[in-house]
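Peer 1: All chains, full assembly: derive it from the sequences and hints.
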Amino acid sequence: MAVRPIRLFGDPVLRAPSASIDVIDDGIRSLVQDLLDTVELPGRAGVAAPQIGVGLRAFSYNIDGDIGYVLNPVLTEVSGEPALVGEGCLSVPDLWHETLRYPWARVVGIDLDGDELVLEGEGLMAQALQHETDHLDGMLYISRLSPDERKIAMRRIRESSWF
1 MAVRPIRLFG DPVLRAPSAS IDVIDDGIRS LVQDLLDTVE LPGRAGVAAP QIGVGLRAFS
61 YNIDGDIGYV LNPVLTEVSG EPALVGEGCL SVPDLWHETL RYPWARVVGI DLDGDELVLE
121 GEGLMAQALQ HETDHLDGML YISRLSPDER KIAMRRIRES SWF
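Note that our numbering numbers the sequence shown so that position 12 is 12, with each residue one more than the last.
None of these hints come from the bench; they were simulated from the model. Don't take each hint at face value.
Estimated spans, in silico, between C-beta atoms of each pair [unchecked claim]:
#1 ARG150 with PRO103: 32 to 38 Å
#2 TRP104 with GLY10: 19 to 25 Å
#3 ARG155 with VAL74: 31 to 37 Å
#4 VAL74 with ARG150: 25 to 31 Å
Quick caveat: nothing in here was measured; it's all calculated off a predicted structure. Virtual Cβ for every residue (Gly too), placed ideally from N, Cα, C.
Peer 2: Right, here's the structure in full:
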């Protein structure tokens, strides 16, 4: 299908909760292929549907060459002691901040056949599962920063060439 352009901070689709996918049709299959094509580019760990302008609950991931997707994902479990980890976002380019994330996470959703799909992992996979489900809930990672870090991030956004 196509590599889709990434929507940037300030686009309303990034702040709106995404709708559940009720019917899996050719449009949804096309969306999944676009998400997979878009996440395959270098330096991308995940792409949520809102990041390509679609307000539906779907995301793709690319962790160490393991590429996949999930529809209607729900973060069902996290474990371990939350820790600050370096995090960035394609929708907030050129920013990298320490973000509090759990070291292990599980997401439950469905695949294109409507069958249950369980994704779980630790490290970068856990971080991506949390980050991408946040996108589907209308939250960007900068909302999880401490107040002082958020001020720094917002200043950098205002000073950026893309904003």
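Peer 1: Now look at each hint and say whether the structure bears it out.
Peer 2: Here's how the hints hold up against the structure:
1. ARG150 with PRO103: 32 to 38 Å: violated, 23 Å
2. TRP104 with GLY10: 19 to 25 Å: For TRP104 and GLY10 the Cβ distance comes to about 33 Å; the hint is violated.
3. ARG155 with VAL74: 31 to 37 Å: holds, 34 Å
4. VAL74 with ARG150: 25 to 31 Å: holds, 26 Å
Of the numbered hints stated above, those contradicted by the structure are hints 1 and 2, listed in ascending order.
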